[in-house]
Amino acid sequence: MPPPYHIKQTSIRDITCGKNVVIVEPANLYECKLGDDCFVGPFTEIQKGVEIGNRTRVQSHSFICELVTIGEDCFVGHGVMFINDTFSSGGPAGGDRSQWKSTQIGNHVSIGSNATILPVSICDGAVIGAGAVVTKDITEKGVYVGNPARKL
Amino acid sequence: MPPPYHIKQTSIRDITCGKNVVIVEPANLYECKLGDDCFVGPFTEIQKGVEIGNRTRVQSHSFICELVTIGEDCFVGHGVMFINDTFSSGGPAGGDRSQWKSTQIGNHVSIGSNATILPVSICDGAVIGAGAVVTKDITEKGVYVGNPARKL
Amino acid sequence: MPPPYHIKQTSIRDITCGKNVVIVEPANLYECKLGDDCFVGPFTEIQKGVEIGNRTRVQSHSFICELVTIGEDCFVGHGVMFINDTFSSGGPAGGDRSQWKSTQIGNHVSIGSNATILPVSICDGAVIGAGAVVTKDITEKGVYVGNPARKL
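Chains as they are written, first to last, in the working numbering: chain Y, 32 to 183; chain X, 32 to 183; chain A, 32 to 183.
Quick caveat, the hints were computed from the structure, so don't treat them as lab data. Take the hints with a grain of salt, since some may be wrong.
Copies of one chain are not kept apart here, so a pair can be met inside one copy or by any two copies together.
Stated by the list, open to error - Here are the simulated DSSO-like cross-link-like pairs (lysine-lysine), alpha carbons at most 27 Å apart as the crow flies: (1) Lys-182 x Lys-50; (2) Lys-64 x Lys-50; (3) Lys-39 x Lys-182; (4) Lys-132 x Lys-172; (5) Lys-172 x Lys-50; (6) Lys-50 x Lys-39; (7) Lys-182 x Lys-64; (8) Lys-167 x Lys-182.
Please model the entire structure based on the sequences and the hints provided.
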């Protein structure tokens with residue numbers, strides 16, 4: 032008798048890559064796009080439609096959801112979580128993508144480990160401290176820390 | 032000569048499931064109970080004795096420890112960590128389960144990514160923001176954010 | 032045609048262990064040193080040069096980077112992230128190790144789940160609360176919580 036549950040496996044499938052991309056498995060990447068010289072550490076998930084620029088590094092344990100775009104020369108630390116559903120109607124939007132929001136990360140952005148990134152825009156060159164929770168757009172270069180994140 | 036350390040593997044073993052449960056491996060689930068139509072993402076651990084209600088989704092990178100009960104139609108985001116040992120005696124309780132505390136999550140509760148849930152009760156319909164650290168019981172519906180989590 | 036990206040696999044390689052060490056795979060451990068009776072949970076990464084004392088437990092989803100030393104009888108909770116690069120020059124130090132900083136954790140230190148540990152020293156017997164972000168040295172025993180972490 033088969034088990035009464037369905038098991039899927041993480042995989043790397045249907046991704047588009049530039050040159051010299053390195054990915055450490057186990058990782059769950061699908062229908063996303065990585066530029067040249069990108070690195071993706073283990074225990075990561077990158078969902079469909081995500082675009083990541085040249086030379087950007089995504090460290091272990093990070094999760095990048097649909098509707099996130101990340102520029103070039105960025106650093107996404109370990110355990111960073113991106114979010115596209117803000118529970119704006121009091122709970123998960125589920126399949127209703129009209130309620131999902133997008134995130135744009137510029138170039139040369141550094142995001143510290145265990146940071147949490149709500150759907151926002153972050154400008155070029157910004158630094159997000161480890162453990163920060165980014166709840167608003169960041170339009171000015173600087174170092175942002177805390178929960179919620181504020182400019183140092 | 033065998034290596035001088037013992038290697039174990041994550042596995043899905045001795046779990047009880049309702050209908051249409053989907054689990055993405057690698058995942059470490061043992062001696063827990065999942066209702067109908069539950070989803071459990073990759074890089075998760077759910078320990079023994081945990082009970083999860085129908086249609087509840089547990090996203091990637093989350094850890095649900097012993098003594099946690101989660102209701103129906105809940106959403107547990109990515110990287111959510113539950114806790115049963117509050118180091119109340121100044122350090123880990125270790126094997127002394129009399130010092131562990133339990134967590135009860137109601138129905139229709141949504142928990143944002145990277146949230147941390149100390150041993151508490153959370154009432155039906157509550158929304159826990161991404162990155163929140165919940166240190167006290169939540170008895171009133173609403174949105175709770177920050178470290179420590181407070182009502183918005 | 033081979034895929035245009037390079038896949039690596041997590042592994043346990045070139046580690047030095049005391050007696051009775053248990054490691055749960057998948058895990059990525061390399062060129063580090065674990066004392067007697069250590070436990071390392073699944074979905075963890077421990078980098079080269081890390082030294083961990085006897086009877087210390089590293090729980091699932093944690094990341095311990097280069098230049099971290101952890102004493103005996105410590106508890107590293109789930110999803111704990113250590114950091115050696117503080118982006119002090121406005122971005123990742125990359126290969127320039129002269130900019131990396133070290134972390135020393137004493138004996139009998141307990142670190143709660145989802146905590147983030149910048150490069151600091153933490154004295155014997157300190158307790159770091161779940162979800163705390165430790166940004167400064169801790170020289171006095173006590174319980175430290177919040178973002179940034181402060182003594183309770």
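A quick look at each hint next to the structure:
1. In this homomeric assembly, Lys-182 and Lys-50 never come within 27 Å of each other (Cα to Cα): the closest approach is 36 Å inside a single copy and 48 Å across copies.
2. In this assembly of identical chains, Lys-64 and Lys-50 lie within 27 Å of each other by CA distance solely inside one copy; the values are 12 Å within and 35 Å between copies.
3. In the homo-oligomer, the alpha carbons of Lys-39 and Lys-182 never lie at most 27 Å apart, since the shortest distance is 42 Å inside one protomer and 37 Å across protomers.
4. Taking the shortest Cα distances, Lys-132 and Lys-172 sit within 27 Å of each other both inside one copy (23 Å) and across copies (24 Å).
5. In the homo-oligomer, the alpha carbons of Lys-172 and Lys-50 never lie at most 27 Å apart, since the shortest distance is 30 Å inside one protomer and 50 Å across protomers.
6. Taking the closest pair of Cα atoms, Lys-50 and Lys-39 come within 27 Å of each other only across two copies (16 Å); inside a single copy the shortest separation is 29 Å, beyond that limit.
7. In this assembly of identical chains, the alpha carbons of Lys-182 and Lys-64 never lie at most 27 Å apart, being 31 Å within a copy and 38 Å across copies at closest.
8. Taking the shortest Cα distances, Lys-167 and Lys-182 sit within 27 Å of each other both inside one copy (11 Å) and across copies (18 Å).
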